[in-house]
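Chains as they are written, first to last, in the working numbering: chain E, 1 to 361; chain Y, 1 to 361; chain X, 1 to 361; chain C, 1 to 361; chain B, 1 to 361.
Everything labelled a hint here was simulated from the structure, so no lab data went into it. Warning: the hint list may mix true and false statements.
[Claimed, not checked] Estimated spans, in silico, between C-beta atoms of each pair:
| # | chain 1 | residue 1 | chain 2 | residue 2 | range |
| --- | --- | --- | --- | --- | --- |
| 1 | X | 48 | C | 114 | 40 to 48 Å |
| 2 | Y | 38 | X | 53 | 43 to 51 Å |
| 3 | Y | 345 | C | 324 | 50 to 58 Å |
[As the list claims (entries may be wrong)] Listed next, the stretches of chain Y that the computed footprint assigns to chain X, with coverage defined by at least 3 CB atoms under 8 Å from CB atoms of chain X:
| # | region |
| --- | --- |
| 4 | 33 to 47 |
| 5 | 85 to 95 |
| 6 | 283 to 295 |
| 7 | 303 to 309 |
Built from N, CA and C at the ideal position, the CB exists for glycine as well.
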Amino acid sequence: MPKVKKNTSKFIKRSSKKAGMSPGTLVHVGEQKIDKARITAVNYDQDRLEEKELIRIEDSFAYKDSPPVSWINIDGLHDVELIEKVGTHFNIHSLTLEDIVHTGQRPKVEDFEDYIYLVFKMLKFDETTGHIASEQVSLILGPRYLISFQEAEGDVFNFVRERIRKGRMRIRKSGPDYLAYALIDAVVDHYFLILEKIGEKVEQFEDRLHSEPTPEILQNIHNLKREILYFRKQVWPIREVLNTWQKTESALVQETNKIFISDVYDHTIQVIDTIESFRDIISGMMDLYLSTISNKMNEVMKVLTIIATIFIPLTFVAGIYGMNFKFMPELEWKWSYLVLWILLIVIFLSMLSFFKRKKWL
Amino acid sequence: MPKVKKNTSKFIKRSSKKAGMSPGTLVHVGEQKIDKARITAVNYDQDRLEEKELIRIEDSFAYKDSPPVSWINIDGLHDVELIEKVGTHFNIHSLTLEDIVHTGQRPKVEDFEDYIYLVFKMLKFDETTGHIASEQVSLILGPRYLISFQEAEGDVFNFVRERIRKGRMRIRKSGPDYLAYALIDAVVDHYFLILEKIGEKVEQFEDRLHSEPTPEILQNIHNLKREILYFRKQVWPIREVLNTWQKTESALVQETNKIFISDVYDHTIQVIDTIESFRDIISGMMDLYLSTISNKMNEVMKVLTIIATIFIPLTFVAGIYGMNFKFMPELEWKWSYLVLWILLIVIFLSMLSFFKRKKWL
Amino acid sequence: MPKVKKNTSKFIKRSSKKAGMSPGTLVHVGEQKIDKARITAVNYDQDRLEEKELIRIEDSFAYKDSPPVSWINIDGLHDVELIEKVGTHFNIHSLTLEDIVHTGQRPKVEDFEDYIYLVFKMLKFDETTGHIASEQVSLILGPRYLISFQEAEGDVFNFVRERIRKGRMRIRKSGPDYLAYALIDAVVDHYFLILEKIGEKVEQFEDRLHSEPTPEILQNIHNLKREILYFRKQVWPIREVLNTWQKTESALVQETNKIFISDVYDHTIQVIDTIESFRDIISGMMDLYLSTISNKMNEVMKVLTIIATIFIPLTFVAGIYGMNFKFMPELEWKWSYLVLWILLIVIFLSMLSFFKRKKWL
Amino acid sequence: MPKVKKNTSKFIKRSSKKAGMSPGTLVHVGEQKIDKARITAVNYDQDRLEEKELIRIEDSFAYKDSPPVSWINIDGLHDVELIEKVGTHFNIHSLTLEDIVHTGQRPKVEDFEDYIYLVFKMLKFDETTGHIASEQVSLILGPRYLISFQEAEGDVFNFVRERIRKGRMRIRKSGPDYLAYALIDAVVDHYFLILEKIGEKVEQFEDRLHSEPTPEILQNIHNLKREILYFRKQVWPIREVLNTWQKTESALVQETNKIFISDVYDHTIQVIDTIESFRDIISGMMDLYLSTISNKMNEVMKVLTIIATIFIPLTFVAGIYGMNFKFMPELEWKWSYLVLWILLIVIFLSMLSFFKRKKWL
Amino acid sequence: MPKVKKNTSKFIKRSSKKAGMSPGTLVHVGEQKIDKARITAVNYDQDRLEEKELIRIEDSFAYKDSPPVSWINIDGLHDVELIEKVGTHFNIHSLTLEDIVHTGQRPKVEDFEDYIYLVFKMLKFDETTGHIASEQVSLILGPRYLISFQEAEGDVFNFVRERIRKGRMRIRKSGPDYLAYALIDAVVDHYFLILEKIGEKVEQFEDRLHSEPTPEILQNIHNLKREILYFRKQVWPIREVLNTWQKTESALVQETNKIFISDVYDHTIQVIDTIESFRDIISGMMDLYLSTISNKMNEVMKVLTIIATIFIPLTFVAGIYGMNFKFMPELEWKWSYLVLWILLIVIFLSMLSFFKRKKWL
């Protein structure tokens, strides 16, 4: 069952191949999700927009100090050498580089004087498997540039890209800190899609819980609970990240943009609130399942008991008169059979009324 | 089952149509609950009271700086253009406008220097469906005006309106901050009505739990639990909102009015306390239900066991003497039948005394 | 079932008749527990003691500024007019007056410069119904006077009254803040009596849980749990109240008396600790009940299974030789019956040994 | 069942005989565990050691100001007069005296300028009854003396006494604050003995849970859980006590000795950690018990079902041919009996294979 | 069952042989895991590396003040005399020495002006027994030296040793604080290996839970839960330790190295997060197990009920016509037998359709 395996192992991503290595050693930990790293650069200000795909990473170095805002996006983390070059040129701490290529990071924000490092998870709900897949996104926010690292080419950032293209938007008038905010906002907005899909599953399972409480539905609920657990684990720390970012005194974040960070912080709280509600609802569903099962069992037992309790005594009576004793006076008497039937019917009816009184019928 | 669906989806209101949009884009998220937005304005001080319904939003602009206190109330959030105009004239931040028309906000207070933005939920308990319906209320508290936004025409604010009309009340002598307090107080007071109705349901379910613990009553308890969950999710953040508001250093809130905020804060704590008590009571009810079911099952099993245990051996004895062996000495003996009856009665009585000793009878 | 109703409704006391009213409107919410409000006044210092019952509230006004310590006690909150007069004369904030007559207050302390307002619950355990009844007590602690408001004439304060009468006690040498402490101490000491009674119930139920785990005892435990929940809800906030009071910087509380507040604070913590222990014990009892039920069911099932498993095969064998086939060689054979008995006994014994091995016997 | 009673009542010790009394009234609450109070005094410094048993409490008064360190130990709290004398001479606050003789104190530390008052519980695990017995210990730490109060003569402090006698130890060179630390350390070290004994019980119960999950073992686990609850209730507050003591700014505690307090604080944390682990383990054991019971029931039901399901249809078939109809063609046919046996065996075998497929066999 | 015993007793390591001893008395508490203590010393700076095994502890004393960085590692804690010598020479507080040889320490950091004392647990997962074994590691971080104490020769530190040997690494350029960090990092990295192994167990048990939910698997899950509990108990305090260390103002830790402590702190948080997720997953598995058992029981009961409910009435009918009454008109009638069969088949089919309607088939 490889799928289940993957499901558990995603809770721990710090692989054994790292243990015992010097900190700052660049080793890509995680799946390689793309063949070749892809580099794109966008350079813009209010009036100008230049967008291109770079073949060599060295082509991006010029953006470090070029006047307006630059956004360098790198898809694919397996090319450790490439990332090392970025690190050297943009003067990035070895621990940051290590975190970028190690896809098991907990969301966090770190303020190195030259740049702010942000790492968090882009999540996707795969409806066929019912699993939440995660992709690590790292942002290096410098004074004039923003470098983003993704595991694979993503479509979540396209919305931001299009807003940049449109011009006239606030994003074109703002610095790289606003761009960083816009990317995180896109990611957090995407979480609401996942919530919606989980919400649909919850409803669907709940409907089926009423109509047919099978063990399969229990297993489904259990699996969903686990995905929610995973979702929660990824989203909780973001709250703290945004709170820290919002309170940063770094010159890299403009005061006027902090209200936007506060806005995405509010959205994160909403996501967390809803996750917690879902947890409560699901644990309620499991209780409901158990009591439904108990109820069904009770009903089954009642049927058995009613039938057995009525017919076992009757059968006994019939058994008595099936005995072959030589001397059994009743057998000879003419009305015996009739009397016996009357007796049986009396027993039957009194049993029925007993069950009626017990409210089993 | 559309009703159940609605019930789950109300936990997430940030719809997918928003994902990927620029922040500050005005899109109404939520149900349209009213045909046409309705605007009313009240302008008052201790001596004077002017109340009118406005046809065009532009008519309200004069109130921005007009000397006494003005309360502009807008029912209906779907008319995005209207709200944009308000925003432009009253100089409201685009994020605030976005929050006003997006009905999935978590209660919060935000201090923009020019105004304080407050958002929270007006709740209603629909007794026929047993669901709690929520309506988002936004308040813009400016130096001389208060603008309130509701999803539909509500009756909760009418109490406040009438107090204003009466004159001589403190509300006529105070500024827009007291008016804001009065509105929130009206909303929180309304929560107590919901608590009462939930309390009635709890009692009702509890009575029925004793008289007839059916699966339906379990389902009802489960649904009520979920509504309480939803209630709690809406009320918890208000506590924080009021606490923040109470500690604000904004000049828009007068020191002498802070005691009133503190009073409504106390009421919120009381609501939360009671919600928590209800949660405990309901989870106790579910435990009680489960043990009642177990008890019933136990009783059913005892009846079955008593009947089966008494009659199965008796039937066996009868079966023995129903055999057709040629050579069975007992069959020939004259007193066999009598002795057998005595034997059967002895077995029967000893079984009974066994169950008596076990306290099953 | 009116009793159960009362039991639930005591968790919410903010009645619907208040909703929509202006804050500061005096409406008595709660049961009227006494016919006519009763006013008593005690005026004392170290050497002098004057105690009288007042007919008109106006007679108490002189005590506001009269030199030694005065304690005005008012039993009965339904006479709103009377309380309004007190409010006017002693200069009490309208919100405080509202809280005094509204018996659904959460315990709290509020520092108005002129006076400190304390509100908390006096609790009584009614042994016949098994319910905890609460009565609201409000204290207005002024510079030279203490006004106490109770719902009915109480006996808890009599201990304090007697201490005052005795003279020579610290209470005669101290100010109204010590008097306030003494009253709260009397109330908290009374909580220990309730704890003792609950403790007795717990023991009693536990004994019965062992001897006869009936559904009634479960219901009793459930009810007790709910009373404890209610008790807890009333006592928890007092902890915070005393903590706040102890840290007050108001001149109305003398530094040297703060150690006494700290003492009653310790007692409150003890009460809370014990309540929490009781909750744990009771939830353990419910678990125990459930497993006892499961155990009993198991035992019942074993008896049924043993009997059925032994006799059903035997009955089958007997049934075989009850058949009427023309050609059944065994029927003719002389020793058949004997052999059959041997066979039956062998089956019986091997079944018994099987159950022995399974440890069911 | 007096033993169980004692067990519950130990959670509340503030007896009803205290309610309504003036604070500071000395009343001994608790069992009298010793006939006559016993007073011993040790006076020592690095070079000198004087140890004697005092007959009259007045003999101890000289130690108040005598130069080196004095330790006065009083066993027995029922002699209220004696304790009052100590209070008067050593200038102890009436609230402290009240706490000393009232054995229901929650562990606490209180800093009165002249002295520090420490109260905590010495615990003992009585292996025969399985109960934890507690004894209250109070310490009055003055500038040159330490007065300790115990309920009965204890052996825990003997270790400290011997260390003092040995000379050359740090205790002889240090002041009364170190002595106080040494006494508490002895008490906390003793908690580890209780943990060990509880640990043994846990193992023992766990072993028996596997071999024979009887209701008795469940009851034992339940009782142990309650003792752990009681243990926890006594130890938790000590953590806070030591933390407060460690941070005291009182001149009565030397800076260099604070590291020792910190050490015993660490031990307390360890005790608490282990208690929490035991709670988790025990609650896991109760779950395990419940599922074991369910498993057993399942097994019982399977046996019943297999036997009943196989033989009931067979008995029916036999019953058919036991009927006495005149016209039953099968009865006449020669091979009927043989065919019937084949039929019965086929039914039997197909039933068996059905159960095999269901994995019930 | 010695294995289970060891399992419980590892939760408490403060043995009874310590109780009553003076603090600072060196007694080795724990298993002796090595025959003779082994001492190695490494002395290095950027250019130079000297590594040797010392025979006498006195040979290490020179490193106390020798210019570059020295790392003295001592394997084996039972040689109390040796450790006392280290203590005397390196000027270590007696409480620290006591903690070093007492293997029941809770992870902690203590700042003595001359040195920082760090103690934590190295953990190993023994796959054959399924238990987590722990080994205590103490670090004494001085200005120029680091002394590490282990219970046995370990391989976890070898990775660090090799990094030192390699030269050119950051470790060779940094002081003993970086070395201390490197050792802790190695230990924490090792925790991820344990997480992986636990993760494998979880998956394995989950697979088996689906295929065959036996009591053994329940027991396994229970045991794993307990190991996770133990793991958690060891790792939780490390979080606090690292947090304290990171914020130290001691000159012994360089500001530039604090980012590394922060990095290992992040890893600890990740470990804790995953442990918490595992706890949730495992408790979900136990719920799943219980409901699976209930489901199975339900299925068993249904089979029994169906068979019994169908055949008991049929057998009764057959019993009726097995009676030997003289006068039973049906017996004589020619078509009786045929009609009876039709009757039986009708009963049979209507029972079947009843069960179909109930969805039991």
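Okay, the region 303 to 309 of chain Y and chain X, do three or more residues pass the C-beta test at under 8 Å? That given contact holds, which follows from 4 residues of the region 303 to 309 of chain Y lying within Cβ reach (below 8 Å) of chain X.
Check the following: the C-beta atoms of residue 38 of chain Y and residue 53 of chain X are separated by a distance inside 43 to 51 Å. violated, 59 Å
Is it true that residue 48 of chain X and residue 114 of chain C lie within 40 to 48 Å of each other by Cβ? With a Cβ separation near 33 Å, residue 48 of chain X and residue 114 of chain C fall outside 40 to 48 Å, so the hint is violated.
Can you tell me if the region 33 to 47 of chain Y counts as covered by chain X, using C-beta to C-beta distances under 8 Å and a minimum of three residues? Since 0 is below three, the answer is violated.
Taking a Cβ-Cβ distance under 8 Å as contact, does the region 283 to 295 of chain Y have three or more residues in contact with chain X? Holds: 8 residues of the region 283 to 295 of chain Y have a Cβ under 8 Å from chain X.
Does the Cβ-Cβ separation between residue 345 of chain Y and residue 324 of chain C fall within 50 to 58 Å? violated, 27 Å
8 Å C-beta criterion, at least three residues: is the region 85 to 95 of chain Y covered by chain X: Violated: only 0 residues of the region 85 to 95 of chain Y have a Cβ under 8 Å from chain X.
Consistency with the previously given hints fails for numbers 1, 2, 3, 4, 5, ordered from lowest to highest.
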